[in-house]
Structures are given as structure tokens and as C-alpha cells.
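Colleague: Protein chains in written order, with our numbering: chain A, 18 to 335; chain B, 18 to 335.
Calculated from the structure, these hints are not laboratory results.
Please note that a few of the clues may not be correct.
If chains are identical, the list can't say which one is meant, so a pair holds when it fits in one copy or spans any two.
[As the list claims (entries may be wrong)] Quick list of in silico lysine-lysine cross-link-like pairs, DSBU-like style, CA-CA up to 30 Å:
| hint | residue 1 | residue 2 |
| --- | --- | --- |
| 1 | Lys265 | Lys287 |
| 2 | Lys287 | Lys254 |
| 3 | Lys20 | Lys287 |
| 4 | Lys20 | Lys254 |
| 5 | Lys206 | Lys265 |
| 6 | Lys330 | Lys254 |
| 7 | Lys206 | Lys287 |
| 8 | Lys287 | Lys330 |
| 9 | Lys44 | Lys265 |
| 10 | Lys265 | Lys330 |
| 11 | Lys330 | Lys206 |
| 12 | Lys265 | Lys254 |
So the chains spell out like this:
2 protein chains.
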Amino acid sequence: MDKEYITDWFRGLQDRICAALEGADGKGRFERDAWERPGGGGGLARVIRRGNILEKGGVNFSAVHGETPAQLLGHLQPELGMGSQPGLRPEGATLADAPRPGPDFYATGVSIVLHPYNPMVPIIHMNVRYFEMSTGVRWFGGGIDLTPHYVDEEDARYFHGRLRAVCDRHHPAYYSRFKAWADDYFYLKHRQETRGIGGIFFDHLAPDASTSAEEIFAFVRDVGDCLAPLYTHLMRKNAGLAFGEPEKQWQSLRRGRYVEFNLVWDRGTKFGLDTDGRTESILMSLPPHAQWEYDHRPEPGSRERATLNWLRKGVAWA
Amino acid sequence: MDKEYITDWFRGLQDRICAALEGADGKGRFERDAWERPGGGGGLARVIRRGNILEKGGVNFSAVHGETPAQLLGHLQPELGMGSQPGLRPEGATLADAPRPGPDFYATGVSIVLHPYNPMVPIIHMNVRYFEMSTGVRWFGGGIDLTPHYVDEEDARYFHGRLRAVCDRHHPAYYSRFKAWADDYFYLKHRQETRGIGGIFFDHLAPDASTSAEEIFAFVRDVGDCLAPLYTHLMRKNAGLAFGEPEKQWQSLRRGRYVEFNLVWDRGTKFGLDTDGRTESILMSLPPHAQWEYDHRPEPGSRERATLNWLRKGVAWA
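One chain only, chain A, in its complex shape (with noise of 0.2 Å):
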């Protein structure tokens, strides 16, 4: 299993994605913007607007390589052990420092966000991705977490219940690994608050004396797999439901704290935007709009004031 069969699975899982979200918004279709990376490689951008259900999403497909970037060494050290390997940076040492030629790198995978019209429809995000170097490193990361503008219960113990399914047939540990995992990636420290409902991430997922790559593909084809029948249950379920301006009005604020966890913690966006990624795919996870209030906060007893108490890591969803 080379990279090329991964890259092409994750080519063909980007294609089988979009035909069934176009199938359950009925209108919208996804555009495609094909892209050149000037170090190695390229992708795809797949883009809808303004579909019936869908208001703005990407689902993006990327295979690049080249030289390891000097921010990705200096963060690999501790954890790959390579401090003392030929050819790699020293932390804190810039390309014009650092012996030549590093590493060279591969990575491809699939990252998706869409945003729905109906704050009823909750926001989605899934991430599949390997990675390996000429050294011999290789792994596989990824999630899909949910944020509901308004927290349904029976939506979020059908998501995790799925997710843990997903889980389960790989590993006994993984959900309650990963699901946790999730819960403190998708945080918005500066507001005590996750993102949404959380769901599962993993990172750096490598083959082992009790695991092989072929198994780690295996489970990640499996979460990859679950979004389109997972999101697509939710919007035909959820997309007729009545709402007004104060439920698009809550739609927005809570779109502004999606944009301020993307921009501020996420650490895909952040290492993408300082090492010269493509911002446009990089930032399709932005909404169509959003809104900020100084201090809002929703009334006591009310529906968005539910949600917010939500909004907080281990909550035993299934």
C-alpha cells in the first residue's frame, strides 16, 4: 500500500462525497478550482454556493511534497526523535542556517466544512490525511466533529453512536481515545467552550509492532466513508425545520466563534497561513458571514443559553 493507492482513494472519496451532498441539497452544485502548489504537487478545490441547504462549503482534496518546511521539522523533534538525524534542522533554525537537503515530505488528504442556511442543520467538518518523508515516517490523522447552531440530543447521540460504531469495528479504545481527543482540539480556550458536540480526531497515527499501516488505512477509509451518509442524514432530517431572525441572528454569533476557533487555535489553519499553504483552500472553512456583539449573552432558560451548556468536553454523548 504506496502512497499513490492512498492518494487515489482519497481522490475517489472527495468525488463520492460531493455527488451524495449534491444529491441531498437538490440544487447546489460543486464547483471545481484546480490548483498548483510552486514547492511539489497540487489539488483540488471543490466549492458550492448558495445551494438549497447548503450556504457555503468546501470539500477539498490536496496531494503535495517537496522539502520538509522548517516549522514542520522543528515541530517533529521531540516527538520522532530526530534531533540527532543528518540533514534535519535544529529547532529555531531557518532554511538559510539548516544543512541541505532536508527530507523531502508527501502528504495528501481530504478536508471538508460546510455551512448550512437553516440554523437547524448543524456546521460539519471532517479531515482524513496521510503524511510520510524519505526518512520513513509515515501516518495517518483526522476527525469529523459537529457544531449544532441549537444542540439537538437525539442528533448528537445519533452522531457520536455512529462515530463510535465507526470506531469500534478498528479498535476497542479508539472512541473513547479519539473522542476525547476531539473534545480538547475543538476548544476555544479564551471561551471556555468547545466548538460544538466535538466527535472524534486523531494525529500521527503510525504503524506499530501491533498495528499496520494497512489497518490504520482501513479504520481512516471507515471515517472517511461515514461523512456523506452521517451529514446527509441531517440535512434531509433538519432542513425543513421553521426558524426566524433570532435563530439566523444566533446562527451568525455562533458562526463568528467557528471563525475564532479556526483562526485562532486551529493548528492546520495557523501552520497553513505561516508556511505559505493556499490560503483560499486553507480558509474555505471560514462561513459565509458572521456576526460579533459585545458580551452577548442568550437568556436564562432559553434555547441558546441550552446550547451553551452543551458546549463543554466530556460530555458522554454515546
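Given the coordinates of chain A, assemble chain B onto it according to the supplied hints.
Modeller: Relative to the frame of chain A, chain B by itself:
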């Protein structure tokens, strides 16, 4: 000239600026929201919403003190040569590792961001601040920058001309040095755009053999005092200009860029959110509404395109 004197002057500046802005707005009033910092000190947020001209804005005063945050000591060490001082933490050390007690700090300042309704009126930002530590270190910082939704060349020359006059009264090198510093600071690397037409920015201005603390503070006072006449002039001049839906749309997209700068690149915002600063005061800089559109590109020859062409470093406005 001690910290109480500086603090009182900043407190008075907040009052005078709010009064001048209320006068020019004609309807909006700056509400008062006093807050305390758990570690010591506090502030007074003054917030305007839904005025005649000002849609959302804040004029914030704060005076906080306590044990110096580890994150700050880490940043300061190379600059201040504090590496070997007893009681200071090595970079990367956590609070738990640290020898106690660290030095105390005292910081006071006024921060302003104003978002007008009319896209023909620019967004303005101003900050003046003073910082000292029990180690004897003290400095001033500050800046003013203007972010027009549509760059008006006459307004831009007026704005920079006034800033140059303020700087020139204190040091012949200040304007060119601080103008270049603003170009570098208020820059969205991931967009290769400046935030607006810049202004002046300066930090860590410490007294030395050639310049006393009194002289630096006199400059900082002049910077603080020029905000109200500068901005009320632009409010009165432009708030009556006609605009329609396309201009409001463009304003929303430019406000999205303002959000991107503040959340991704602004060091003050990042530091505040990372050190448990008061979130509502830090994020008062965010606009009331913002929009994001995938890969939006203004038409060649349009006024929007002309504005983008001005958003670069090194324009000689004055």
C-alpha cells in the same frame, strides 16, 4: 513621572476620546463596563453600538499588574538580556518549573477600534500603552492605523500628514521609522496585503541616554491626542457619502480581512487570548458583521480593485 501619573493620563484620554466621538456621532453613547483582573488590576471597557455613524466600537482603558506571565518573560529574554537574572524563567519553562517569585509587572493603556456603518468611512485603530517590571525595565508602545474600505487618496494623505506632523514634533526619524514599522506590523502575510493604508506603530520605546521617559511619554500623549480630531474629521467628511448594496457587500468582505488580521497575526490579540486576558475587551476589535466568499476577485478597473492596489507596503503618503 510614575505609573500613577501615566495611568491617570490614559484614563483621562479615554474620557476625552469618547466625548469627542459621541459629539461627532450625534446619537450613539459609549456604555461603561468595568471589569477586574483576577491576578490584579482591571479596566473600563467603553462600548458604542448602533450609533448614527459608528456601528460598533470600543474605547478601552486598562491598568493591570501582578506576576509577569511566563509567556511574556519568554518573549522578552533575548531582547532584555535577562537570561541570567535570578527569578526569571528559562524560555519554554512552565509556571510549575519556575523558581518563585518572578518579577512583577504593571501595564496600562488605551485601545480603540471603531467600525462605521458607511463603507466610505474607514475603520480606525489606536493603541497607546506603558509597561514596567519590578526589575526596573519600562517602555512605551503604541500606534494608529487606518483601514478604509475604499481608499480615498486625499484622506490617506491627510491621515499620514497628520501623523507625520505629530512624529516630527518629537524626533525627525520617528515618522519614517514608525511608518515602516506599521507597514510591517499591519500585514496579512497569507493575503500579501496590508490591513489598510497603515499609519505608525512603535513598541518597546525605552528611555536611554538620548531620550528620557518624559520625552517618550510626551510623544505618546501626542499620538493619543491626535485620534479624536483625525477621526471625527473623517466621520464628518464621509458619513454623508452615498453607498448601496455592492459597497456594503465589499465592506463585509474587507471586515472579514480585518478579522483575519486580528485573529491570525495581531500579537497583542494572540498574547491576550493565550494568557487568559479579558476576551470581550480583546475581541471588541472585531466588526459587527463580516463575510467570506471563496476566491473573491474584484473586477479590473473597479474601485474595489483600486483599493486592493493600495494595500501594499511602502506607499509614500506623506
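Colleague: None of the hints should be skipped; say for each whether it holds.
Modeller: Structure-based check of all given hints:
| no. | hint | verdict |
| --- | --- | --- |
| 1 | Lys265 / Lys287 | both (29 Å within a copy, 29 Å between copies) |
| 2 | Lys287 / Lys254 | neither (34 Å within a copy, 39 Å between copies) |
| 3 | Lys20 / Lys287 | within (25 Å within a copy, 37 Å between copies) |
| 4 | Lys20 / Lys254 | neither (38 Å within a copy, 61 Å between copies) |
| 5 | Lys206 / Lys265 | within (25 Å within a copy, 33 Å between copies) |
| 6 | Lys330 / Lys254 | within (26 Å within a copy, 51 Å between copies) |
| 7 | Lys206 / Lys287 | both (16 Å within a copy, 12 Å between copies) |
| 8 | Lys287 / Lys330 | both (23 Å within a copy, 23 Å between copies) |
| 9 | Lys44 / Lys265 | both (21 Å within a copy, 27 Å between copies) |
| 10 | Lys265 / Lys330 | within (26 Å within a copy, 39 Å between copies) |
| 11 | Lys330 / Lys206 | within (11 Å within a copy, 34 Å between copies) |
| 12 | Lys265 / Lys254 | within (19 Å within a copy, 35 Å between copies) |
In this structure, the earlier hints numbered 2, 4 are contradicted, and the remaining ones agree with it.
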